[in-house]
Structure formats: structure tokens, C-alpha cells
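Based on the hints, put chain U in the right spot on chain B.
These protein sequences, in sequence, are chains B and U. One point on numbering: in my numbering, the residue at position 71 of the first sequence is 71, and numbering is uninterrupted. One point on numbering: in my numbering, the residue at position 92 of the second sequence is 92, and numbering is uninterrupted.
Treat the hints as calculated values from the structure; they're not laboratory data. Take the hints with a grain of salt, since some may be wrong.
Here chain U is said to cover these stretches of chain B; the calculated rule only asks that three of the stretch's residues, wherever they fall, bring their Cβ under 8 Å from a Cβ of chain U [claimed, not checked]:
| hint | segment |
| --- | --- |
| 1 | 29 to 35 |
| 2 | 42 to 51 |
| 3 | 82 to 90 |
Short, incomplete list of chain U residues facing chain B, as computed with Cβ under 7 Å [unchecked claim]:
| hint | residue |
| --- | --- |
| 4 | Glu35 |
| 5 | Glu37 |
| 6 | Ser38 |
| 7 | Asp39 |
| 8 | Trp41 |
| 9 | Glu42 |
| 10 | Ile56 |
| 11 | Leu65 |
| 12 | Asp70 |
| 13 | Ala75 |
| 14 | Phe121 |
Chain U stretches covered by chain B per the calculated footprint, using a threshold of three residues with CB under 8 Å from any CB of chain B [claimed, not checked]:
| hint | segment |
| --- | --- |
| 15 | 23 to 34 |
| 16 | 58 to 64 |
These figures come from a predicted structure and were not determined experimentally. Using N, Cα and C, we set each Cβ at its ideal position, and we do this for glycine too.
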Amino acid sequence: MRRKPGRLVPLEVGICVSAADLLRAGVTEFHGYEIAKRLSDIADRRLLTAYGTLYRALGRLESMGLLQSRWEDPAIPARENRPGRRLYTLTASGEAAAIAARDAASAQAPRRVRRRPAPA
Amino acid sequence: MRSRILELEIALVRMWTCVYTARMPPELGAARRAEIESDLWEFQQDRVARRALHPIVHVLVRLVLGIPDDLCWRAAHASVAVRPVRTTVVLTAVVLLVATLWMFDAMRTPNLPLPPSPLRFTTTLPPPPPPPPPVASPR
Numbered sequence: 001m002r003r004k005p006g007r008l009v010p011l012e013v014g015i016c017v018s019a020a021d022l023l024r025a026g027v028t029e030f031h032g033y034e035i036a037k038r039l040s041d042i043a044d045r046r047l048l049t050a051y052g053t054l055y056r057a058l059g060r061l062e063s064m065g066l067l068q069s070r071w072e073d074p075a076i077p078a079r080e081n082r083p084g085r086r087l088y089t090l091t092a093s094g095e096a097a098a099i100a101a102r103d104a105a106s107a108q109a110p111r112r113v114r115r116r117p118a119p120a
Numbered sequence: 001m002r003s004r005i006l007e008l009e010i011a012l013v014r015m016w017t018c019v020y021t022a023r024m025p026p027e028l029g030a031a032r033r034a035e036i037e038s039d040l041w042e043f044q045q046d047r048v049a050r051r052a053l054h055p056i057v058h059v060l061v062r063l064v065l066g067i068p069d070d071l072c073w074r075a076a077h078a079s080v081a082v083r084p085v086r087t088t089v090v091l092t093a094v095v096l097l098v099a100t101l102w103m104f105d106a107m108r109t110p111n112l113p114l115p116p117s118p119l120r121f122t123t124t125l126p127p128p129p130p131p132p133p134p135v136a137s138p139r
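Just chain B, with the same shape it has in the complex (with noise of 0.2 Å):
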């Protein structure tokens, strides 16, 4: 998809919404696998995300100062014998584009017009 300068893609919108969320729900910091699932299961689908498109994405998003990232401390995943997450976390900014994005979203929303009874 060929993207507009300084606008977000879908997947972006819905990486930052779903983030947003999280962060209601008292999650601050999500792996990449953990916004995939969220993702799919937002959209009802029973892909995740390919793993390219992802990671992408959520580069893009720290590189637009949107998410933030750290990789855990090493002595937790070693002690639960598994590979190491990178964490993200949604920032200032991230928050006020999931925001936008979901104002925009209810104001393009169709209105349902309600009928009139007719005249008898």
C-alpha cells in the first residue's frame, strides 16, 4: 500500500488502537505476538498478522515516535527458559494518533436514518 506522508496505514491505525486498549486494560508494555493476536481477534480473523508486515510496521510506528521498545531484562527469560521479547509501549503521541483514529473512524461511521412513521 502506498502510503501518504505523515498518515498512518490500517494496520497502523490498528496496532496504535489496539495498544490504546492495552493500556486502558493496565497493560503498558505488549510483545509483537501479543498485539498480533489482539489484532486477529479485533478484525474476528484466524490469521495473525504475517510476521514481515508486523515487525514492519511496529518499526515504523517507533520510528515515527509512536511506540517505544526495549528488549526485557535477559534473567527473565532465562530463568523461564524462552527467548527474549522485545517490548513496546505506546507513547504520548501513539495514544493521540489511536485517538484521532478512532474519531475519525465513529465520524465516518454511516449515521442510521431514522424513518418516520407515515402519515395515516
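Just chain U now, with coordinates in the frame of chain B:
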């Protein structure tokens, strides 16, 4: 058999990640490989996601659909001056060819032994009764 195919597929994802992160700034390539490794591990632990779609299909589709983005990511971050278009085309073609060949090979019906031939029932008729003794003609 299925878990063996899944293991092969995971190895294919790792191999592809190594291919497209080769000759890139070391910390960038290592970070991407570690992130993919973590994703693969989480998927293997996640029984809910594995139930949603067959794990073999899941991993393969996620890999194949992400290839264009992997290549774009590489093109955006590669520090070495390579001929990007040609390299991209060749790499994509090779990966798609390998994935297709491997998938066909995995889906081929294995050579199973032939089933035993159906039982044949033969009926053996009893021997015909001996001819009646000649009746002596009365004189």
C-alpha cells in the same frame, strides 16, 4: 508427522530471516532474528491460536505473506550498496521456489504398502457320486 512438518517450517522461517538480515548492520539483524524467534516460541506455546487454524498453514501463510515486507524492510535498512531490485527479485524467486517445492513434497502421498488382496472364497464341489452299479438284467 505433522509436528515434524511444523518443525521444518519453523526452520524455514528462521532460515528466511537469516537470509534477509544477512549483510545488514549486526544489531539490526540480530534484533529482527530475536523478535521472530520470540514470536515463533509464543505461537508454539499458544494453544488457542494453534486451534484456530492448522499450525502448519498458519506459519507458512504468515511467512509467505510477509516476504514483500521483509524485502522492503531490508531495502530500507541495508547499508551495503547492492543492486536492490535485482537482488530482491532473485531472493523472492528463490524463496518462493523452495517453499513451493517443499510444500508439494510435504503434501505428496507417501508410498504406502499395497493393501492385502481381498480374500477369495473358493467352493469346492463334492465329487460326483459314483455311477450306480449296473443292474443285472433278469433272464
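Okay, the hints, checked on the actual structure:
Figure legend: the segment 29 to 35 of chain B, annotated as covered by chain U; annotation consistent (4 residues with Cβ-Cβ distances under 8 Å, at least 3 required). Given a C-beta distance limit of less than 8 Å, the hint that chain U covers the segment 42 to 51 of chain B holds, as 6 residues qualify and 3 suffice. Coverage of the segment 82 to 90 of chain B by chain U holds [criterion: at least 3 residues with CB-CB distance below 8 Å; count 5]. Taking 7 Å as the C-beta contact cut-off toward chain B, the hint placing U:Glu35 at the interface holds, the least distance being around 5 Å.
Interface restraint check for U:Glu37: the shortest CB-CB distance to chain B comes to about 4 Å, inside 7 Å, so the restraint holds. For the restraint placing U:Ser38 at the interface with chain B, the shortest Cβ-Cβ distance is roughly 4 Å, inside the 7 Å limit, so the hint holds. A least Cβ separation of about 5 Å between U:Asp39 and chain B falls short of the 7 Å threshold, and the interface hint therefore holds. For U:Trp41, the suggested interface contact is upheld, since its CB lies about 5 Å from the closest CB of chain B, less than 7 Å.
Using the Cβ-Cβ criterion of 7 Å, the hint placing U:Glu42 at the interface with chain B is satisfied: the shortest such distance is roughly 4 Å. Interface restraint check for U:Ile56: the shortest CB-CB distance to chain B comes to about 13 Å, outside 7 Å, so the restraint is violated. Because the smallest distance between the Cβ of U:Leu65 and any Cβ of chain B comes to about 4 Å, under 7 Å, the interface hint for this residue holds. Below 7 Å, beta-carbon pairs count as interface contacts, and U:Asp70 has one with chain B at about 4 Å; its hint therefore holds.
Taking 7 Å as the C-beta contact cut-off toward chain B, the hint placing U:Ala75 at the interface is violated, the least distance being around 11 Å. With its C-beta approaching chain B no nearer than about 51 Å, U:Phe121 sits outside the 7 Å limit, and its interface hint is violated. With a threshold of 8 Å between beta carbons, the proposed coverage of the segment 23 to 34 of chain U by chain B holds, since 3 of its residues qualify and at least three are required. Given a C-beta distance limit of less than 8 Å, the hint that chain B covers the segment 58 to 64 of chain U holds, as 5 residues qualify and 3 suffice.
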